[in-house]
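Asker: Chain by chain, the residues:
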Amino acid sequence: MAHLDMDAFFSSVEQLTRPTLRESPVLVGGAGPRGTVAGASYEARAYGARSAMSMAHARRLCPVATVIPPRFTVYQAVSARVFDLVRRFSPVAEQVSLDEAFIEPGSLAGAQADEVRRVLAELRARIHSEVGMVASIGAGSGKSVAKIASDLAKPDGLLVVTPEEQRAVLRDLPVRALWGIGPVSEGKLRRIGVQTLGEFADLDPATVTALLGTAVGRELHDLAHGRDPRPVAERAEVKQVSAETTFDTDLVDGGALESAAVSMTSAAHQRLVRSHRAARTVTVKVRSADFATVSRSETVRAATSDLSSLSAMARRLVSSAVPPGTPVRLVGVSLAGLTTAEQESLFPAPPTAGPEPHPDEETGPDEATDAGPTPRPDTAPLPGGRDRGGRGWAAGDDVRHPEHGHGWVQGAGVGRVTVRFETRTTGPGPARTFAMDDPALRVADPLASLDWLPVVGRRNDLARARTVEDGRTPHPGPAAGSTTVMEWVAPVGQEHDAVSS
Amino acid sequence: MTAHLGLDATVPTTPLATRLAELVRLLPGRLTDPVLGGVVVVASATGVRVASSDHERGFQADLDGLVGSEGSVLVPARPLAETLRSLAEPEVRLVVEGSRLAVRAGRARFALPMMDLAAHPGLAPSPPHRLSVPSAALRGPLAVVAAAASRDDALPVFTGVRLSVEDGVLALLASDRFRLAKAEIPLPGPAEDAADLDVLVPAALLAELSRQLPRSGEVDLRADTDRFALSWEGTLVTTALLATPFPNSDRLFPSDVDCVLRADADELTAAVRRAATFGGGRGLLTLVAEDGGVRVLGSDPTIGESEETVKADVAGNRISRTYQARHLVDALRGFTGRVVELRVPAHERRGSVLTADPGDDGVAVTHLVAPTRPPSPRG
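If you read the sequences in order, they're chains A and B.
First residue of the first sequence: 1, per UniProt numbering; consecutive thereafter.
First residue of the second sequence: 1, per UniProt numbering; consecutive thereafter.
The following block holds chain A by itself, in its conformation from the complex:
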């Protein structure tokens, strides 16, 4: 069994699509005063910056880093390509998150360590040559050992732990290395003087269950001994989709709070639609300035994927969650009770209880996460300065210029904006400075920075093709109502053949 983990995934994608950033410190995350780091490149980690750290802290540690707001659509597209390749290699794969999966290639069942090493090295090489990403892989007898091995293999490495080596490898690791032991369990263990997995494994089973609970304790103890019966299985269905945001400054106004809830709903709704689900339950989470967190939820009888119904529920819930005038620092919306069948309504959507969201308020939220074992940190500030209504550009925006092509905003201020024109395929490109209101600069699809050509092909839910504004695709776009599904699969530098749908 093997565990594949992309190295510094978010920042690596940024370095892939923005070649100027290669081999330089990159911090991905909200740039605002309350932003957190969602990803740090290895160059930034050398300064001590880490994921989930506050952005302000990370910047103090690493003042030379380039800070970029996350672009989840691009990460998803890259992830989809990586795992498409992985699945061709190992049809039995369990994707844990955007950048991690367990795999069990049938050809490696009972194979010798050398053979395993050779095959997995080839997979790593192919991910690097075909997608341009670096994955570390660990292999072992069970999931926890494979996961630990991939951690040990990082960065850019491969570690195969044979059953004979297993005990020795686990022995000296801190207990936290084991999946399932978090700060609380670690604290309990430290109190009785247990710091390494070896010490943990040597504990009497009764002591472990007394300390950590019967079920969890026994399971963790087994894992520490390298006994791990869990099979690799495709992940169960999506249970919920959610989006949340921390504001740069607390919201006090009820109307602003409602529009924040509505925009979070629309972000979660995008995920909902993409996963071909309808939801019955809307839960709104509100964290006030004093960090008190309140959740309110509402469930309807018929699951719906209608944005206006879901938004109306979110708006109702958020206004009842906190007393008017409470300063609010975070709003999150999650959609649950997901079903694959949606009850059609005989009547048009019901009259909603409140004003429709103002079109200007449709600021795209920066984060939308599936619930999973590795929750993403809260990163995104509301994109206050990024209202791309032609009025302003902010660092990290994808732009297009009719002459220079696709680029990204490297810096903006005092009426000027500096754009670096480059994509994954161009190599480091030139920077040009424009007036902030230069009409030649247009908002571009972040996916264009990958410069992958759409090809009519297999369907993959993680990366549905979109029309790209890069002017390089002579593809007429599917006619309305047609069922063509496209995917980004053309290799690097290939002449883009006109693909008809």
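Hints listed in this document are in silico derivations from the structure and should not be mistaken for laboratory results.
Mixed in with the good hints there might be a few duds.
Quick list of in silico lysine to aspartate or glutamate cross-link-like pairs, DMTMM-like style, CA-CA up to 25 Å [unchecked claim]:
hint	chain 1	residue 1	chain 2	residue 2
1	A	Lys-188	A	Asp-151
2	B	Lys-311	B	Asp-264
3	A	Lys-239	B	Asp-300
4	A	Lys-239	A	Asp-306
5	A	Lys-239	A	Asp-437
6	A	Lys-239	B	Asp-264
Here the structure of chain A is known, so what remains is to put chain B in place on it, guided by the hints.
Answerer: Below, chain B without anything else, positioned relative to chain A:
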């Protein structure tokens, strides 16, 4: 006028117990004011009346009785109804004794504390008579239509049954947005007073009344601009109307029918019920039109699959639609012992019609059931 507290009447037990049980069923579930959980008992020269009101709903029933002394009292309704229900004696005597209303039956005495009658809202006046229909023709359709309404107060308009009269037909209509039921009851004679009747009445009350209505005789429908009432055999139930206009539903019925199925309603119901077990948490079933039959499919990853074919005449295209089993069962209930016709529109998002030829009483029942589909992005 101060109430004369000397009430003393002797009443046959069974009718009183029955009326009190009906009264209790119409009381609000949660009382904002204990007075609203009381029953007003009035003894007068014409007999005994029991009545209740919670501002929204009112119930009153007149009973024959031997009145020894006239008077009015207010006592808690539920204990009185419970007491009457359990009595075996053919007659009971209700008599005020001090601050109690005593129920005397044989050698037993049950005494209930009297409440302040002046604090009770009293009964709203009955709205004017609009039309009369045979109770037997109204009971069944009322139950079927009221069951299609929503119980979710978030959208009040869908918690009501629309009653309207047009061209000598009384139409009942209700929907919870996902299915709709309509019954058309031909009126026996001209009903001038009913010409412009169009009211929206709380469905929960009508569902209860459909059980209380007698199996024979006439029912009077009464209504004005803000109240509705049904009265029969000395009983009068009034309610406040829902103050929202019902959305136009005419256009919901499909004009582009793609497939028509005719099957025995009982056979189809039984098959749907059996398949519902396999319909998963939400009880989704798929109906597939085939030559000479309709296939009923249930499938759930954790429960398994079911498949059953019911004999049917099939005309038009061979379609497949998924519905909530509950919606189908509710709709088919109105067609017991008859041939049901399912009309499926070409547009796969629109509702399908379930109907049957009108019965002997001329009552026509039609259901519209919206399908379920995999979610897809839209507008």
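Asker: Could you run down the list of hints and mark each one as holding or not?
Answerer: Verification of the hints:
1. Proximity of Lys-188 of chain A to Asp-151 of chain A is assessed by CA-CA distance (about 24 Å); at most 25 Å being required, the pair is judged to hold.
2. Taken as a hint, the Lys-311 of chain B and Asp-264 of chain B pair is honoured in the structure, with Cα atoms around 8 Å apart against an allowance of 25 Å.
3. Pair hint Lys-239 of chain A plus Asp-300 of chain B holds up; C-alpha atoms about 17 Å apart against a cutoff of 25 Å.
4. For the given pair, Lys-239 of chain A sits about 18 Å from Asp-306 of chain A by alpha-carbon distance, which is consistent with the 25 Å threshold.
5. Simply put, Lys-239 of chain A and Asp-437 of chain A have alpha-carbon atoms about 44 Å apart, too far for the 25 Å limit, and the pair is violated.
6. Taking the CA atoms of Lys-239 of chain A and Asp-264 of chain B, the gap is near 40 Å; set against the 25 Å cutoff, the hint is violated.
Comparing the model with each numbered hint stated earlier shows that hints 5 and 6 do not hold.
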